[in-house]
Amino acid sequence: MTSVQLLALLPFMLLATASIIVILLIAFKQSHTVIQVTGFLMMCSVILAMWYVRDVLPVAVLPLLVVDGFAAIFTGMIIFSVLVVGLFSFIYFEEREENPKEYYILLFLSTLGAAVLTISRHFISLFIGLELLSVSLYALIAYLRTRNNAVEAGLKYLVLAAVSSAFLLFGMALIYMETGSMEFNAIAQKTGTTLSPLFVTGVGLMVVAIGFKLAIVPFHLWAADVYQGAPAPVTSFIATVSKIGVFAVLLRFGQAVHLQANSLAFTIFAALAILSMIAGNILALRQDNIKRLLAYSSIAHFGYLIVAFLPGNEAGVEASMFYLLAYSITTLVAFGIITLLSTRERDAEKLEGYRGLFWRHPILAAVLTVALLSLAGIPLTGGFIGKFAVLTSGVQQGLWAPVIVLVLTSVVGIYYYLRILTTLFAEAPSIAKKEKVLHPFFYNAMYAALIVLAVILLGIGVFPSGVMNGIKEFLAIGGQ
Amino acid sequence: MILAWMIIILMAGGLICWLLARWNKEVVKWVALLAVLLDLILACSIWWQHGGVPTSGANAWLIDYKAAWVPTYGISFHMAADGLSLVMLLLTYFLGTLSVLCSWNEVKGRIGFYYFNLLFTLTGISGVFVALDLFLFYFFWEVMLVPMFFLIAIWGDSNRRYAAYKFFIFTQAGGLLMLISILALYFIASAQNGAFSFDYTDLLGTTMQASTARWIMLGFLLAFVIKLPMVPFHNWLPDAHSEAPTAGSLILAGLLLKTGAYGIIRFVLPLFPQVTADVAWWAMLLGVVGIIYGALLAFAQTDIKRLIAYTSVSHMGFVLVGIFAFREMAMQGVVMQMVTHGISTGALFVLAGMLKERLHTRDIGRMGGLWTSMPAMGGVAMLFTMASLGLPFLGNFIAEFLILMGSFGSNVVITVLATLGLVFSALYSLRLLQKVFLGQPSSHISLPDLSMREMLIMASLTIAIVLLGLYPQPVMNLVSPVIKGMEKSVSFEMNNHQSVISIP
Numbered sequence: 001m002t003s004v005q006l007l008a009l010l011p012f013m014l015l016a017t018a019s020i021i022v023i024l025l026i027a028f029k030q031s032h033t034v035i036q037v038t039g040f041l042m043m044c045s046v047i048l049a050m051w052y053v054r055d056v057l058p059v060a061v062l063p064l065l066v067v068d069g070f071a072a073i074f075t076g077m078i079i080f081s082v083l084v085v086g087l088f089s090f091i092y093f094e095e096r097e098e099n100p101k102e103y104y105i106l107l108f109l110s111t112l113g114a115a116v117l118t119i120s121r122h123f124i125s126l127f128i129g130l131e132l133l134s135v136s137l138y139a140l141i142a143y144l145r146t147r148n149n150a151v152e153a154g155l156k157y158l159v160l161a162a163v164s165s166a167f168l169l170f171g172m173a174l175i176y177m178e179t180g181s182m183e184f185n186a187i188a189q190k191t192g193t194t195l196s197p198l199f200v201t202g203v204g205l206m207v208v209a210i211g212f213k214l215a216i217v218p219f220h221l222w223a224a225d226v227y228q229g230a231p232a233p234v235t236s237f238i239a240t241v242s243k244i245g246v247f248a249v250l251l252r253f254g255q256a257v258h259l260q261a262n263s264l265a266f267t268i269f270a271a272l273a274i275l276s277m278i279a280g281n282i283l284a285l286r287q288d289n290i291k292r293l294l295a296y297s298s299i300a301h302f303g304y305l306i307v308a309f310l311p312g313n314e315a316g317v318e319a320s321m322f323y324l325l326a327y328s329i330t331t332l333v334a335f336g337i338i339t340l341l342s343t344r345e346r347d348a349e350k351l352e353g354y355r356g357l358f359w360r361h362p363i364l365a366a367v368l369t370v371a372l373l374s375l376a377g378i379p380l381t382g383g384f385i386g387k388f389a390v391l392t393s394g395v396q397q398g399l400w401a402p403v404i405v406l407v408l409t410s411v412v413g414i415y416y417y418l419r420i421l422t423t424l425f426a427e428a429p430s431i432a433k434k435e436k437v438l439h440p441f442f443y444n445a446m447y448a449a450l451i452v453l454a455v456i457l458l459g460i461g462v463f464p465s466g467v468m469n470g471i472k473e474f475l476a477i478g479g480q
Numbered sequence: 001m002i003l004a005w006m007i008i009i010l011m012a013g014g015l016i017c018w019l020l021a022r023w024n025k026e027v028v029k030w031v032a033l034l035a036v037l038l039d040l041i042l043a044c045s046i047w048w049q050h051g052g053v054p055t056s057g058a059n060a061w062l063i064d065y066k067a068a069w070v071p072t073y074g075i076s077f078h079m080a081a082d083g084l085s086l087v088m089l090l091l092t093y094f095l096g097t098l099s100v101l102c103s104w105n106e107v108k109g110r111i112g113f114y115y116f117n118l119l120f121t122l123t124g125i126s127g128v129f130v131a132l133d134l135f136l137f138y139f140f141w142e143v144m145l146v147p148m149f150f151l152i153a154i155w156g157d158s159n160r161r162y163a164a165y166k167f168f169i170f171t172q173a174g175g176l177l178m179l180i181s182i183l184a185l186y187f188i189a190s191a192q193n194g195a196f197s198f199d200y201t202d203l204l205g206t207t208m209q210a211s212t213a214r215w216i217m218l219g220f221l222l223a224f225v226i227k228l229p230m231v232p233f234h235n236w237l238p239d240a241h242s243e244a245p246t247a248g249s250l251i252l253a254g255l256l257l258k259t260g261a262y263g264i265i266r267f268v269l270p271l272f273p274q275v276t277a278d279v280a281w282w283a284m285l286l287g288v289v290g291i292i293y294g295a296l297l298a299f300a301q302t303d304i305k306r307l308i309a310y311t312s313v314s315h316m317g318f319v320l321v322g323i324f325a326f327r328e329m330a331m332q333g334v335v336m337q338m339v340t341h342g343i344s345t346g347a348l349f350v351l352a353g354m355l356k357e358r359l360h361t362r363d364i365g366r367m368g369g370l371w372t373s374m375p376a377m378g379g380v381a382m383l384f385t386m387a388s389l390g391l392p393f394l395g396n397f398i399a400e401f402l403i404l405m406g407s408f409g410s411n412v413v414i415t416v417l418a419t420l421g422l423v424f425s426a427l428y429s430l431r432l433l434q435k436v437f438l439g440q441p442s443s444h445i446s447l448p449d450l451s452m453r454e455m456l457i458m459a460s461l462t463i464a465i466v467l468l469g470l471y472p473q474p475v476m477n478l479v480s481p482v483i484k485g486m487e488k489s490v491s492f493e494m495n496n497h498q499s500v501i502s503i504p
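Chains as they are written, first to last, in UniProt numbering: chain P, 1 to 480; chain H, 1 to 504.
By construction, these hints were calculated from the structure, which means they are not laboratory data. A quick note: this is a predicted structure, and the numbers were derived from the prediction, not measured. Don't take each hint at face value.
To be verified - Okay, derived cross-link-like pairs now, DSS-like style, lysine-lysine, Cα gap no bigger than 27 Å in a straight line:
# : chain 1 : residue 1 : chain 2 : residue 2
1 : P       : K190      : P       : K101
2 : H       : K166      : P       : K350
3 : H       : K356      : H       : K25
4 : H       : K356      : P       : K472
5 : H       : K356      : H       : K435
6 : P       : K156      : P       : K350
Can you build the whole structure from these sequences, using the hints too?
Written as structure tokens, this is what we have:
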């Protein structure tokens with residue numbers, strides 16, 4: 001391993017170090033605050049390291065990994081999300097029944113798994129990354145183990161994730177049998193333009209596992225229960241970090257083997273996208289639990305994202321990156337609000353609890369409004385530009401069926417976002433209960449972070465060119 | 001730049017209103033009024049500068065402003081105003097001022113957020129009237145939607161949530177289909193021009209196969225006829241209009257519906273000249289259906305605001321017939337109809353709002369004999385119901401006359417049927433007046449007549465409608481170069497009695 005390769009892996013090594021440092025801090029009986037602040041600084045250092053090594057990219061660490069601009073963007077998004085999730089976690093776990101400290105070990109390990117996914121170019125690293133992500137998530141989801149929902153959610157995730165891993169391994173084995181390689185580029189060379197049935201079967205089995213992680217229909221059955229049962233910060237982690245990582249590897253694999261050029265694979269993905277958009281939006285219609293609602297909405301959103309995956313060209317990749325960015329910020333904002341409003345005993349998940357929020361907490365409600373409008377894809381927000389980019393890439397390739405479904409289902413989707421919105425602005429029940437803020441510093445930090453995120457969301461909605469150029473610049477680094 | 005300033009003033013005014021409401025509720029109203037008045041003055045100053053000289057030839061744009069926005073996609077901040085835009089802007093700020101005035105006392109709660117939404121709706125509307133970049137146009141098209149949704153959903157009547165959802169979802173469905181059409185057009189045009197651009201002027205000369213053009217055109221047309229609204233897409237209108245607060249109804253009827261007509265004139269006709277001629281017959285037919293159906297339903301309503309809402313459906317049918325007649329005269333009539341309908345129906349909604357403020361009901365059955373206690377209001381109501389039924393000397397007469405006259409040359413049967421609409425409009429208008437203001441008084445509580453503020457609102461509306469009825473020439477002068485300019489691209493057969501449209 002050369003020094004350049006080591007340098008390129010620096011951000012990922014820092015990420016791995018973060019969990020070890022947390023273990024040591026726990027061993028030396030440091031307080032939750034110290035761990036939180038250290039974790040925050042470590043994540044910042046990962047981002048700085050990423051920025052620092054940007055000039056040496058792309059670097060291939062053969063045969064498993066490649067650090068390029070593509071990975072840098074996705075890792076950046078992941079770390080950014082974890083920064084925010086970490087911030088949410090402090091207040092949430094400080095007030096809950098469980099010891100909060102071990103949580104951070106799992107959180108950072110899981111993040112490492114997601115980050116490894118973004119740089120993997122080989123089935124082995126893909127599998128390692130995915131397992132690292134999943135295994136930590138089992139524990140994270142069931143972290144508040146005295147709550148019924150949490151245990152149920154954790155078990156559900158454990159069983160289904162294990163099954164999907166088996167599918168993944170079998171799919172990989174079939175592809176290996178056909179091509180004799182596990183490296184994306186080597187596979188692409190072996191297969192050429194026409195893909196054999198065995199290969200497509202292998203891909204199909206892998207799709208089951210990937211689809212499970214992304215919660216696209218028909219592999220979405222865990223989503224609502226896990227979203228509901230997991231602690232709010234963990235839910236936001238699942239909705240952002242874990243999905244970003246898996247989507248990144250799907251995108252890289254698709255690009256490498258030109259999956260979309262194969263009509264059968266293309267049809268499978270198009271069907272998955274259409275099913276997810278329809279089912280996600282329709283199932284969300286009648287939800288009264290905001291966490292479940294967001295679960296179904298995220299199913300629909302990944303349907304939209306697969307539409308950007310379908311063209312398999314540069315425009316599609318850029319569109320999906322922008323969309324993921326807007327989606328992650330939006331989701332983080334929404335779950336941040338849920339975290340802030342949650343009480344010791346239960347998460348703020350009942351829609352009824354949000355009635356008249358605008359008149360009680362105008363700023364929080366305004367921030368949530370921005371997030372909901374962004375999810376619905378209304379102009380002035382990042383979600384609109386994301387949806388616009390996705391539609392553009394779809395229309396460019398003439399993918400009429402998915403595009404039309406996207407449009408029609410997002411009209412359906414607007415209904416449930418509006419339902420939340422009208423609840424926010426409805427007449428408030430007149431109970432002006434002033435809760436005592438327990439940790440003013442972190443509370444205010446979170447408040448500020450939510451406002452900043454909402455402003456960013458509006459910012460990229462009105463002036464998207466900066467972000468778009470940034471994405472283009474990074475993608476130009478190393479087209480492996 | 002002056003156009004961008006108009007937008008900025010409204011947005012800034014809205015934000016200031018929201019922020020100020022915490023400290024002072026009175027100032028908020030004045031800030032909102034000031035912002036709209038400032039824009040009205042700006043629009044008038046443009047009129048003053050350019051109105052006298054009828055521009056002709058290739059460049060019909062009075063003002064043109066362009067700045068880069070998202071160069072990656074070829075999106076620019078391109079705004080321009082020609083005579084048509086200017087007329088619509090003047091109407092927007094005129095009615096905008098009145099909408100601020102008429103909510104002066106009506107809105108009690110959450111005043112800052114209310115004016116924020118009001119001004120942002122106006123921002124979106126004025127943006128729609130001046131945007132020349134199709135992305136920007138879509139952007140404003142959506143921007144006017146969300147605040148309007150809040151206006152209905154928060155300050156509306158009892159059934160407000162249902163109405164607000166319906167309004168939003170109908171319009172959004174049309175809007176998204178339009179977005180796909182815009183994108184399709186964008187890629188076809190960029191393949192021809194070799195550069196990505198959403199600019200209206202770049203997209204104007206795009207040639208494409210008739211079948212492709214038809215689909216793309218339908219996407220645009222659907223968005224616009226939903227907004228207009230054309231039967232059978234009118235379903236959202238009665239609910240939204242009747243549940244919205246007075247200012248909301250005023251803006252909906254007076255301005256939002258006009259954006260649909262404006263969109264057809266500005267985008268559908270010039271961008272797809274051939275295929276629009278193919279659907280013209282159907283559009284005219286549905287227009288006529290709208291005229292008659294709207295009038296009949298208006299006659300059957302017991303809710304005063306719903307009644308007025310259905311008259312809008314009827315009047316907008318005239319607009320549709322006029323546009324698709326492809327005659328210069330009819331098109332002049334359409335623009336007149338847009339302006340006069342905005343004023344007369346707006347006035348009726350304001351009156352309905354005043355009645356509701358006093359009687360706390362919208363049920364016509366519980367009104368009656370109000371003339372004795374409120375003679376001034378009765379007189380004004382008389383004037384505007386007469387305007388609505390198309391009495392000569394008032395603006396609506398000119399508009400409907402021009403439309404009928406113009407479309408007679410294009411399609412005799414449909415025009416004859418459309419004329420029936422005038423008869424029906426007499427029915428519902430007279431019924432409205434008779435039930436509400438004449439007859440036996442239903443209660444003996446003395447009601448206060450128009451206050452100074454209300455008098456001011458009604459007086460300005462009255463002056464406007466009478467002036468337009470007696471001397472419509474200024475509007476026509478502004479608009480005629482635009483229509484003449486379209487003549488070239490749309491191959492109007494002006495004043496020519498040979499039918500352009502083959503009846504299938």
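Verification of the hints:
| no. | hint | in the structure |
| --- | --- | --- |
| 1 | P:K190 x P:K101 | 48 Å, violated |
| 2 | H:K166 x P:K350 | 24 Å, holds |
| 3 | H:K356 x H:K25 | 23 Å, holds |
| 4 | H:K356 x P:K472 | 57 Å, violated |
| 5 | H:K356 x H:K435 | 15 Å, holds |
| 6 | P:K156 x P:K350 | 22 Å, holds |
Hint violations for this structure: numbers 1, 4, all remaining hints satisfied.
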